[in-house]
Amino acid sequence: MTGIRTEPITINLGPQHPSTHGVFRLRVTFDGEEIIDAEPVFGYLHRGTEKLAESRNYVQIVTLTDRMDYLASMSNNLAYVRTVEKLADIEVPERAQYIRVISAELQRIASHLMATGFLLNDLGALATPLVYCFRERERILDLFEMLCGARITLSYMRPGGVLQDAPEDFWPSLDSLIGDLPHYFDELESLITSNEIVLARTKNVGLLTDEQAIDSSMSGPNLRASGVKWDLRKADPYEIYDRVKFDVPIGAIGDTYDRYLVRILEMRESVKIIEQCLEQIESGPIRADTPFFIRPAAGEAYAAVEGPKGELGFYMVSDGGVAPYRCKVRAPSFINLTPLRDMLKGWKMGDLIIIFGSIDVVLGEVDR
Amino acid sequence: MTKIISGSELASSLEEKLPGCITASNEVDVWVSPESLLDVCETLKDPEGLDFSYLTSISAVDYIDNFELVYHVLSMRNNYSGVIKCRCSSEGNLRGEPTVSSVTGIWKGADLQEREIWDLMGIKFEGHPNLKRILLWEGFDGHPLRKDYLG
Amino acid sequence: MNYLSGFVDFYTFYDLSLSLFQYFGFGDNAQWMSYLTAGVIISFIVINIMILSTAFYTWFERRVLGRFQVRRGPNRNGPFGILQPFADVLKLIMKEDTIPSEADRPVFTLAPIALVAPTLLIMAVIPMGETSFLGSLNIGILFIVGVTSVNSIAIFMAGWGSRNKYAILGSMRGAAMLISYEIPMALGITSVLLMSGSLAMTNIVSSQNVWFILVMPLGFFVFMAAATAEISRTPFDQIEAESELGSGYNTEFSGIKFAILFLAEFMAPIVTAAVVATLFLGGTKGFDPIPGQIWFALKMFVVIFVLLWFRATWPRLRIDQIMGFAWKGLFGLGIFNIFIIAIEIMIFKTEDGTLSTSHMLIMSGINWIITIVTLLTLMRIYGHKKLERPIPVPSPLANMGVEAD
Amino acid sequence: MYGTGILKGLGITMKNLVLPTRQFNIHQYPNRKASPADLAKLEEKNTITFLFSNPIRSVRALVGLETIEERLPQHARFRGEEFAWYDQRCTGCASCAKYCPLGIIKIVTDTSGVDLQEGQSYDIETFDIDIGRCMFCGLCVEACPYDALHMGSGFEEGTYRRSDLVIDVERLRKADKKPSTWFRPQLTNRGHDPIKGSQADWDEVGRHEKPSGDQQRDRWAKR
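Protein chains in written order, with our numbering: chain A, 1 to 368; chain B, 369 to 519; chain C, 520 to 924; chain D, 925 to 1147.
It should be emphasised that the hints constitute simulated quantities derived from the structure, not laboratory data. These numbers were taken from a predicted model, which means no experiment stands behind them. It cannot be assumed that every hint is accurate.
[Unchecked claim] List of simulated lysine-lysine pairs, BS3-like, C-alpha gap at most 27 Å:
hint: 1; chain 1: B; residue 1: Lys-476; chain 2: B; residue 2: Lys-413
hint: 2; chain 1: C; residue 1: Lys-847; chain 2: A; residue 2: Lys-348
hint: 3; chain 1: C; residue 1: Lys-847; chain 2: D; residue 2: Lys-932
[Claimed, not checked] Listed next, the stretches of chain D that the computed footprint assigns to chain C, with coverage defined by at least 3 CB atoms under 8 Å from CB atoms of chain C:
hint: 4; segment: 934-940
hint: 5; segment: 981-991
All residues carry an ideal CB built from backbone N, CA and C; glycine is no exception.
Given the sequences, and given the hints that come with them, work out the whole structure.
Here it is as structure tokens:
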């Protein structure tokens, strides 16, 4: 078929697009339906968190971290306060550590539920799995409201512990939720995991080998889906993660389906962690005696936690004042976008959406 | 537990392979010269040697009289981590745009992070395939994370 | 019990207006004038019923989808939210009707009409009761096949005219997909024709002593899948693909034009349900005292509900998978089905070329066995190829230094 | 086997249609469709009596035309608008203003230059909270050393002008005092629940027991 002149077509996917999960833009060049080039463009949600942090004191920054990955505020808070504690040498009471782990794991479940739901929405399942996921997440958010009066922007943790102890009605609600969650996941899995349409769409799509994943600094479920058994909760246990038993699920080949499955398995592991925490937790103080305005000695610290999206780290430099000299965020969503271009090349329009969806980025964290 | 390789340990093993690359070191930190940064990173990544296969993060700090790049690297196979620092400043003009060689060729994960640092801190990375502004728009005046930037 | 027999019956109106015109002394002209009057009246009734039922269908769809998704659907306007579609339409009409400056204006403007007209035309030949139909064409089913192919042109017009890349992608997909799926659909229809021996819809209904869904489940499966693709419903909704293309071919439409596109899109399941009910579910057949119209509506309702159920459950296939399914799957199955039906008819048909009820029952027994065996074999073959998942092996590149629990 | 997965999925959705065992926690805010039983409860009647006495309203309720107002279920700790500020407790120290990350609290105390005796406090002339910019982080409440400022539980303060979003001291003084129990465990211990509408007086919200005796009362309330 010579003589037919074709030319590639460039499409702006976003910033306003139903499947970019925020104000994200992809400049994609298609040859027919096939992607020959893709360039992510972002920054539409840039608020200068790092610059703002330089003019806030150490407690006020907690409110900034809420707004980074707004689907996982608890994990952001945890990563931040851990860095400050490392910087200022603050000892955290045990009960506070347990409460932190419980809430961070709940947040992980909530975040993974959203990732799964939206992945299925991107696959074209008219919101049904998404609504089922939302239904489950709603109960977790209700628990957060009991804990700290807010549902999304939590600001619950403080350097030296947590803000206040959980109310009495929190524990029975948590118990009943923990009892229900495995059934939720079973239902979700029987709707999705063995669905042949999902399999046809996701299997062997958007492959990312373990070498590629490590080379491009992927982290979190995306890294583990490629078969790399690496989880900061086990590799470098923080808080009380060394006292609980859990498994680190990994994927087989690193395709979209594995990235989905790893999230589901991780949620099940999170439930196990919370169960063990509930057994181990004892009463006690929940906040170390920290001053109102923390003035760490001049120095620097890097601490990271295994957030729902990946390794969320803070690198903070103090000059001895009430505000950090420099506060750098190692945002997992941002760095996870590094291999996106290679992953997309050669796939089709429909695959683009689900590959991007399976990486699970939150634009608040990408742009900060 | 991830073992943290101390600065002096790192310095000695680097000095062995690349003499003269270390500008300063103490118990915690090790500073390398910007000229030898690329060689140092290659040595760090070498699977036979230190095997830092994973670049956790690159941070840039503005210390008024110079800029400091902090590379957090991790060896997943041996579960230890290290920190390399690199002080750089542009010659002549203190607040100019210092140039450092890019490590994108060694760790692909540095790609977006180096772009971010160029965007917000104004450090040029030589050899980066696509060094454009990333969070702010092209044509933005200045680099906001610098201490002398008045927003 | 045929108290609804005169409903939407052409000749009722014809006789009425004929006597009326003759009374006023039109003489020779009375005949064609009453013919015209009756046609206009009955088209008016059918079109309005269709539009009204589409409105209620959108409400029904949203309510049922809501129930599937354990939430409530629209429930604010009127009792149970039944006035919601009217509020929607009112809002759409009030909106500004924008046309992109680069758009091909005539094509862009004509597209919604070109899309809604064929959908309405199909209803002309559907027998909604024993005697309730607009026109009893002796080539009714051929008419349906012909008219539905206009859809692909209309969708392409909408995409091309709006000069939008998403719209063009959507309409290109649409053109490819609709044309491909016309073939399995025609194959499904062919098997019906073999059984009934007539192209007229009324004859097809009357020949269904045993419903054709029972006689040839494989043919029903092929037709149903193709019809789902033809109206671009999940899992074949590539034309709109709201998560990929924004809104596909109707991205640039707004106001009343969008309302008309929307109307066509939501009328399509109703029309499809009518066709499926006629071809496979025995049309107006049922038992007294319930009139045929009610039976027909009930069967349509069931088909609509099943389509909705699919929509609520399944994700979407990719475009190449959809095309592969048409050409590699449904095409072969359709041919196979025709082959079997033809052989069976050759064996079982009586002297005058018809099939008796007992023979049909025997055929249905054979066909069910063949269908189940065929589908199971296919499922096996595909299952071995696609379902295996390698056991995850930790990569040697990382070692956390802890034993797994 | 291939093909069973999609059928299983159909089963799950059908199960949720027929038996919504775990109903999505939806609240029909602000107007809930009322059943006749709800209406009867509202009029303090037996349902059956209500059905017979108000047939029209019952039928309207059955087809979903009758609504009753409903508040979203919240926890007592909910951080929201309707700040509870106690004039008697506030000393005008401006800790809250200093601690606010956005700097939206503006405090001006007495400018007349009166020398205060021990136990007295300045008159507060201005206490503005710009809830148009407030993010309800609650740091001001955390900072208040005298438990004078509390979060509220409101969430719908829409106005037509931005300037109306600034709550001034008069409005704060007059407002209903329904403090949230967020960061105020003493309120929980005293059985206070703002969602149920209970109000708390200035002498009940402190960290310590109710001040006893006129002297202490005077000390707090002296202007």
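Here is what the structure says about each hint:
Proposed proximity of Lys-476 (chain B) and Lys-413 (chain B) is supported: the alpha carbons are some 12 Å apart, at most 27 Å. Using a Cα cut-off of 27 Å, the hinted pair Lys-847 (chain C) and Lys-348 (chain A) holds, with the two alpha carbons roughly 20 Å apart. Proposed proximity of Lys-847 (chain C) and Lys-932 (chain D) is supported: the alpha carbons are some 25 Å apart, at most 27 Å. A count of 5 residues in the segment 934-940 of chain D with a Cβ less than 8 Å from any Cβ of chain C is obtained; the coverage claim is therefore met, three being the minimum.
Coverage of the segment 981-991 of chain D by chain C holds [criterion: at least 3 residues with CB-CB distance below 8 Å; count 3].
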